[in-house]
Amino acid sequence: MGTKEEDFKERFVALMRDLRENATKDPEATWLIGSLAGRLIDLYKLKTWGQFKAALTPPAFNKLLKDFENEGNAFHRQGKTKAAYAVQVLAVSLIARTQTDEQVKAGDSLLDEMIQAMVVVYRGASARKKRPA
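Position in the sequence shown (from 1) plus 1032 gives the number in my numbering.
Just to be clear, a hint being listed does not mean it is correct.
[Claimed, not checked] Simulated crosslink set (EDC-like; lysine to aspartate or glutamate; CA at most 16 Å straight-line): (1) Lys-1114 <-> Glu-1103; (2) Lys-1114 <-> Asp-1058; (3) Lys-1114 <-> Glu-1101; (4) Lys-1036 <-> Asp-1133; (5) Lys-1041 <-> Glu-1134; (6) Lys-1112 <-> Asp-1058; (7) Lys-1114 <-> Glu-1037.
[Said to hold, decoys possible] Computed Cβ-Cβ distance ranges for the label pairs, DEER-style: (8) Asn-1054 <-> Arg-1109: 19 to 25 Å; (9) Gln-1083 <-> Gln-1135: 34 to 40 Å; (10) Glu-1042 <-> Ala-1157: 19 to 25 Å; (11) Asp-1039 <-> Arg-1160: 40 to 46 Å; (12) Glu-1037 <-> Asp-1074: 30 to 36 Å; (13) Lys-1036 <-> Ser-1158: 33 to 39 Å; (14) Asp-1058 <-> Leu-1142: 27 to 33 Å; (15) Glu-1101 <-> Arg-1071: 16 to 22 Å.
If you are wondering where the hints come from, they were derived from the structure by calculation, not from laboratory data.
For every residue, glycine included, the Cβ atom is placed at its ideal position computed from N, Cα and C.
Working from the sequences, and respecting the hints, build out all of it.
What follows is the structure in structure tokens.
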């Protein structure tokens, strides 16, 4: 077993691989990630997931991570695996920002872009639903 940073890097790489291979195949998971990230971005009145992460104060960061842990575990217990996965993706993204490993830093930028793309998909779908037929 490695250090916490090495363990995180392993999880991060696995998550990035999974997103790259499966995100386009699972519209529900994409929508859940985009909706959760979008609501958080809107709460802070910002435009992007990267801006949201940068705006978090240390206390807000810690509280959000704890909330993600509690919610993710609750979703998992309830069998809501896609919701738990969405929470996990955003939690990993938050943690990645704190890492010093250059590969994780590079991957974090890519993950931010992927999450932001999911926010755009979510917002587009929400806007279409609101338009009268």
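Checked hints:
1. Lys-1114 <-> Glu-1103: holds (12 Å)
2. Lys-1114 <-> Asp-1058: holds (9 Å)
3. Lys-1114 <-> Glu-1101: Cα-Cα ~15 Å, so holds.
4. Lys-1036 <-> Asp-1133: It holds: about 12 Å lies between the C-alpha atoms, which stays within 16 Å.
5. Lys-1041 <-> Glu-1134: Holds. Lys-1041 to Glu-1134 sits at ~10 Å (cutoff 16 Å).
6. Lys-1112 <-> Asp-1058: holds (14 Å)
7. Lys-1114 <-> Glu-1037: Violated. Lys-1114 to Glu-1037 sits at ~26 Å, over the 16 Å cutoff.
8. Asn-1054 <-> Arg-1109: 19 to 25 Å: holds (23 Å)
9. Gln-1083 <-> Gln-1135: 34 to 40 Å: violated (23 Å)
10. Glu-1042 <-> Ala-1157: 19 to 25 Å: violated (33 Å)
11. Asp-1039 <-> Arg-1160: 40 to 46 Å: holds (41 Å)
12. Glu-1037 <-> Asp-1074: 30 to 36 Å: Taking Cβ atoms as reference, Glu-1037 and Asp-1074 lie about 32 Å apart, which means the hint holds.
13. Lys-1036 <-> Ser-1158: 33 to 39 Å: Holds: the Cβ-Cβ distance is about 37 Å, inside 33 to 39 Å.
14. Asp-1058 <-> Leu-1142: 27 to 33 Å: Between Asp-1058 and Leu-1142, where Cβ atoms are some 19 Å apart, the hint is violated.
15. Glu-1101 <-> Arg-1071: 16 to 22 Å: holds (18 Å)
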